[in-house]
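Colleague: Could you build the full structure based on these sequences and the hints that come with them?
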Amino acid sequence: MSITVEVHGVHKSYRDATRRVEVLAGVELTAKAGELVAVVGPSGSGKSTLLHLLGALDQPDSGEITIGGQLLGRLGRRRLATFRNRTIGFVFQFHRLLPDFDALENVMMPGRIAGIEPARVREDAQRLLHEVGLEDRLDHFPNQLSGGERQRVAICRALLMEPPLLLADEPTGNLDPTAAEQVFELLLDLQRRHRTTTVLVTHNPALAARCGRILRLENGALHAQT
Amino acid sequence: MGLPLPWILASRYLWGGRRDAYVVFLSVLAIVGIAMGVAALILVLGGLSGLQDFLRSDVLSRTLHVEVELPPDADAAALCRSLGEIGGVVEAQPILRGRGWLLFGGTAVHVQAVGFEGLLPRSFPLARGSATPEGDNGVYVGDALARRWALEVGDLVDVVSPRPTLTPFGPQPRSHRLRLAGIFRTGRTEDDDQRIAVPLQVARRLFGAHESRIEIKTANLEAALEIADEVTLAVPEGSRVRTWRELNRALFFALKLEKVVMFAALLLIVTVAAVALTTVLALLISSKRGDIGMLLAMGATEGQMQLAFLLHGSLLGAIGLLIGGSFGIGGAHLLDRFRLITPPGDIYFLDHIPFLVELGDLAAVLVATVALIGASTLYAARRAAALGPVEALRI
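Those sequence lines, one after another, are chains A and B.
Mapped onto the numbering used here, the consecutive letters of the first sequence carry residue numbers 1 to 226.
Mapped onto the numbering used here, the consecutive letters of the second sequence carry residue numbers 227 to 621.
Quick caveat, the hints were computed from the structure, so don't treat them as lab data.
In this text the structure is predicted, and so the values were computed from the model without any measurement.
It is possible that part of the hints are untrue.
Said to hold, decoys possible - Some but not every residue of chain B turned toward chain A, in silico, with C-beta under 10 angstroms:
{"no.": "1", "residue": "Leu229"}
{"no.": "2", "residue": "Val258"}
{"no.": "3", "residue": "Gly310"}
{"no.": "4", "residue": "Gly314"}
{"no.": "5", "residue": "Ser512"}
{"no.": "6", "residue": "Lys514"}
{"no.": "7", "residue": "Met524"}
{"no.": "8", "residue": "Ala526"}
{"no.": "9", "residue": "Leu533"}
{"no.": "10", "residue": "Ala612"}
{"no.": "11", "residue": "Pro615"}
{"no.": "12", "residue": "Leu619"}
Said to hold, decoys possible - Have a look at the derived ranges for each label pair, beta carbon to beta carbon:
{"no.": "13", "chain 1": "B", "residue 1": "Arg608", "chain 2": "A", "residue 2": "Arg19", "range": "29 to 35 angstroms"}
{"no.": "14", "chain 1": "B", "residue 1": "Tyr605", "chain 2": "A", "residue 2": "Arg193", "range": "44 to 50 angstroms"}
{"no.": "15", "chain 1": "B", "residue 1": "Arg608", "chain 2": "A", "residue 2": "Arg74", "range": "26 to 32 angstroms"}
{"no.": "16", "chain 1": "A", "residue 1": "Arg127", "chain 2": "B", "residue 2": "Gly228", "range": "43 to 49 angstroms"}
{"no.": "17", "chain 1": "A", "residue 1": "Arg193", "chain 2": "B", "residue 2": "Ser237", "range": "35 to 41 angstroms"}
{"no.": "18", "chain 1": "B", "residue 1": "Arg609", "chain 2": "A", "residue 2": "His11", "range": "43 to 49 angstroms"}
{"no.": "19", "chain 1": "A", "residue 1": "Arg193", "chain 2": "B", "residue 2": "Leu255", "range": "48 to 54 angstroms"}
Stated by the list, open to error - Among chain B residues calculated to face chain A with C-beta under 10 angstroms, some are:
{"no.": "20", "residue": "Leu231"}
{"no.": "21", "residue": "Gly344"}
{"no.": "22", "residue": "Ala460"}
{"no.": "23", "residue": "Pro462"}
{"no.": "24", "residue": "Leu521"}
{"no.": "25", "residue": "Thr527"}
{"no.": "26", "residue": "Arg563"}
{"no.": "27", "residue": "Val616"}
All residues carry an ideal CB built from backbone N, CA and C; glycine is no exception.
Modeller: Structural data, given as C-alpha cells:
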C-alpha cells in the first residue's frame, strides 16, 4: 500500500534569541506512490524540519501539505494523532525505543495506541521481528540490544501498522558501517516489498545514490540532484 | 481488548521495565511522605477523639440537664413543684449561688458556694462521705482543697459571706460553722479547689437569694432538650432557661476547634508530600520526554499522555494513602487496646490515652489527601500533555 505526498509553497521559520531564521522558504515536493525519495543537504538546512512537517508533527507557517489526498492543515489535533498512527511510520537516527518496554512490546506499541486486539498486534509484531532476524530478541529490552538491532526493532515498529508513508531521518547515522549497511538493505527490501512511499533524509551520498530520486535541500528550497 | 495506553504506561513506569534509581528513590520518598502524613493525621485525630470522647462523657455525666436562672422575687420552692409535674422531669431542685470564703485552721480561701436542698447535685460527684448532710449542718469541699488542707470528713470549717450583718457595734461579717459532710472529685482542678456545696438554708442566710436557680434532672440528655421549651413557658418572666448544650457550648466549641486546628496543622505534612509528588512526576516527565515525543509521533494523543501521568501520580498517592491508613488505623487500635500511652496519673485524670478512630475523621483525611494528591498530580500531568511532539523529540 502506498500514497502520494504533495508539498506546495511550504515556509517554516524559527525565532532564536535575536532574529527570525527562515528554515524552509517555499518548499515544493511531489513523491509518487511507492517512490523512495532521498533528501540530502548540509547540517541545519532544515531536513528534519521538513520531515516533521511531512509527519504531521509540526505545522508550516504557510503552504500546503497533502498526503494521500488529505490536506494536513485541515485536521484537528485528535485526527492528526489518528492520521500519524494509521498513515505514517517514523524511523529516527536514534532508535527512540521506549526503554521500559522489551523489543516485542516496542513493536506492538502503535497497535496498542490504535486500540487493536493485543493478540493480533502481538502476532504481527512477532512476524515482523522474525522477518528482520530478531525472533530470539523478543523479550530483550533496548539496553540489551546492539545499535543495529535497536534500529531494526525501530523499523519493525514503524511498519507495524503497514503505513503507506515511511519517513526516515538518518536511520543509519548512528551505526557502524556494517550495521548501517544491514539496516539500509533491510529498509530498501521492506520498502520494495511493501511498496511504501518513503522519504529518507541522509547525509550519506552513497546511500542516497541507491534511492529512486535525490533532492537537495539548500537555502530553504528543494532541488533535484542528478 | 487489552489495557488502554495510559494504564499500560502508568503501570510500567511504576513497577516494570528499566528502573531509574533516582526516580525510584524520589517515588519512595513521596509515598513515605504521604503515608507518614496520613498515619499522623489518623493517629493524632484518633487520640484527640478518644480524649474528647472521654472528656465529653465525663462532663455530660455530671452536667446539669436544665438550669433555670430565676429573677430575684421568684418563689423557687413553688416553681420546683410545678416544674416537677412536667412530663420527662425526674427532679427539680432549687439551687442558690454565692461567693465567700472558707476558713480552716487559720487559713482562708475564696470559694464559690452552691446551696442545695435534698441530695447533693450531680455536678458534685461524691468521693467520700454522705450525699445528704445531717440537717442544715454540712459542707462539701473538693478533693484538691481537702488534700491541701488535710481535711477529713467530720472536720469543722467556717464559711464566711461578704454580706455584712448590721449590729449595734457596726457591720459584722456573717459566718457559719459547718461540719465537713463529704469530699467530691470532679477531675477539674479549679472546681475541686474553689467550689463548695452547702445546704440551701445556710446559703440563703449567708448570701441572700440573689442568685436563685433551679436545677432540673431529666431521664437523659435528649429528654432535657425536648422539655426545654415547656420549662420556658412554666417559669416567670425574666427567667433564663439553659440546657446542657448551652451550658457546655464553650467547651464543645473548644474541643471542635482543637480538632480542626490539629487537622489543618497535620495536613501540612501531606501537603509537603504532595508537593514532593509533583517534583517526582516533573522529574519523571523530564526523563521520559523522548518517550512522550515518540508516543505522540506514533499517534498517542496529548490527553492519553496526561492521563498516563495522572494515573501514575494517583497510584503513588494511593499506595501512600493505603500504607498510611493501615499504619494509622492499626496503630490507633494497638495503642488503645494495649493502653500503651500512659500519662502521669497525678497530673492527668486518665490512666491511659484512649484512641477512637471515627469514620468522619477518616473520611476527612481521605478527602483532603485525595484532593491534594489530585491537584499536585494534575498540575504535573498537564505539563506532560503540553509538550508538543517536536519539542518532546528535541532532546
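Colleague: Give a verdict on every hint.
Modeller: Tested hints:
With 10 angstroms as the threshold, the beta carbon of Leu229 (chain B) comes within range of chain A, its nearest partner Cβ sitting at about 8 angstroms, so the hint holds. The interface hint given for Val258 (chain B) is broken, as the beta carbon of that residue sits about 23 angstroms from the closest beta carbon of chain A, more than 10 angstroms. Below 10 angstroms, beta-carbon pairs count as interface contacts, and Gly310 (chain B) has none with chain A, the closest being about 79 angstroms; its hint is therefore violated. Checking Gly314 (chain B) against chain A by beta carbon gives a least distance of about 69 angstroms; that is not within 10 angstroms, so the hint is violated.
Here the hint on Ser512 (chain B) is broken, as its CB sits about 14 angstroms from the closest CB of chain A, past 10 angstroms. Because the beta carbon of Lys514 (chain B) sits about 9 angstroms from the nearest beta carbon in chain A, less than 10 angstroms, this interface hint is met. With its C-beta approaching chain A no nearer than about 5 angstroms, Met524 (chain B) sits inside the 10 angstroms limit, and its interface hint holds. Given the 10 angstroms rule on beta carbons, the hint for Ala526 (chain B) holds: about 5 angstroms separates it from the nearest Cβ of chain A.
About 13 angstroms separates the beta-carbon of Leu533 (chain B) from the nearest beta-carbon of chain A, more than 10 angstroms, and the hint is not met. Because the smallest distance between the Cβ of Ala612 (chain B) and any Cβ of chain A comes to about 12 angstroms, over 10 angstroms, the interface hint for this residue is violated. The interface hint given for Pro615 (chain B) is met, as the beta carbon of that residue sits about 4 angstroms from the closest beta carbon of chain A, less than 10 angstroms. Hint status for Leu619 (chain B) relative to chain A: holds, with the closest Cβ pair at about 7 angstroms, below 10 angstroms.
Taking 29 to 35 angstroms as the suggested C-beta distance range, the pair Arg608 (chain B) and Arg19 (chain A) conforms, at roughly 32 angstroms. At about 48 angstroms, the beta-carbon gap between Tyr605 (chain B) and Arg193 (chain A) stays in the expected band of 44 to 50 angstroms. Take Arg608 (chain B) and Arg74 (chain A): their Cβ atoms lie about 27 angstroms apart, and the range 26 to 32 angstroms holds. Judged by the Cβ atoms, the range 43 to 49 angstroms given for Arg127 (chain A) and Gly228 (chain B) is violated: they are separated by roughly 18 angstroms.
Roughly 36 angstroms separates the CB atoms of Arg193 (chain A) and Ser237 (chain B), a value that falls within the hinted 35 to 41 angstroms. Between Arg609 (chain B) and His11 (chain A) the CB atoms are about 30 angstroms apart, so this pair departs from the stated range of 43 to 49 angstroms. Range check, Arg193 (chain A) to Leu255 (chain B): about 52 angstroms between beta-carbon atoms, so the 48 to 54 angstroms window is met. Restraint check, Leu231 (chain B) versus chain A: the minimum CB separation of about 6 angstroms is within 10 angstroms; hint holds.
A cut of 10 angstroms between beta carbons decides the hint on Gly344 (chain B): the least distance to chain A is about 82 angstroms, and the hint is violated. Because the smallest distance between the Cβ of Ala460 (chain B) and any Cβ of chain A comes to about 75 angstroms, over 10 angstroms, the interface hint for this residue is violated. Because the smallest distance between the Cβ of Pro462 (chain B) and any Cβ of chain A comes to about 79 angstroms, over 10 angstroms, the interface hint for this residue is violated. Taking 10 angstroms as the C-beta cut-off, the interface hint given for Leu521 (chain B) holds, the closest approach to chain A being about 7 angstroms.
At about 5 angstroms, the closest approach between the beta carbon of Thr527 (chain B) and any beta carbon in chain A falls short of 10 angstroms, and the interface hint on this residue holds. The restraint placing Arg563 (chain B) at the interface with chain A is violated, with a minimum CB-CB distance near 44 angstroms, outside the 10 angstroms limit. The beta carbon of Val616 (chain B) is positioned within 10 angstroms of a beta carbon in chain A (closest approach about 5 angstroms), and the interface hint is therefore held.
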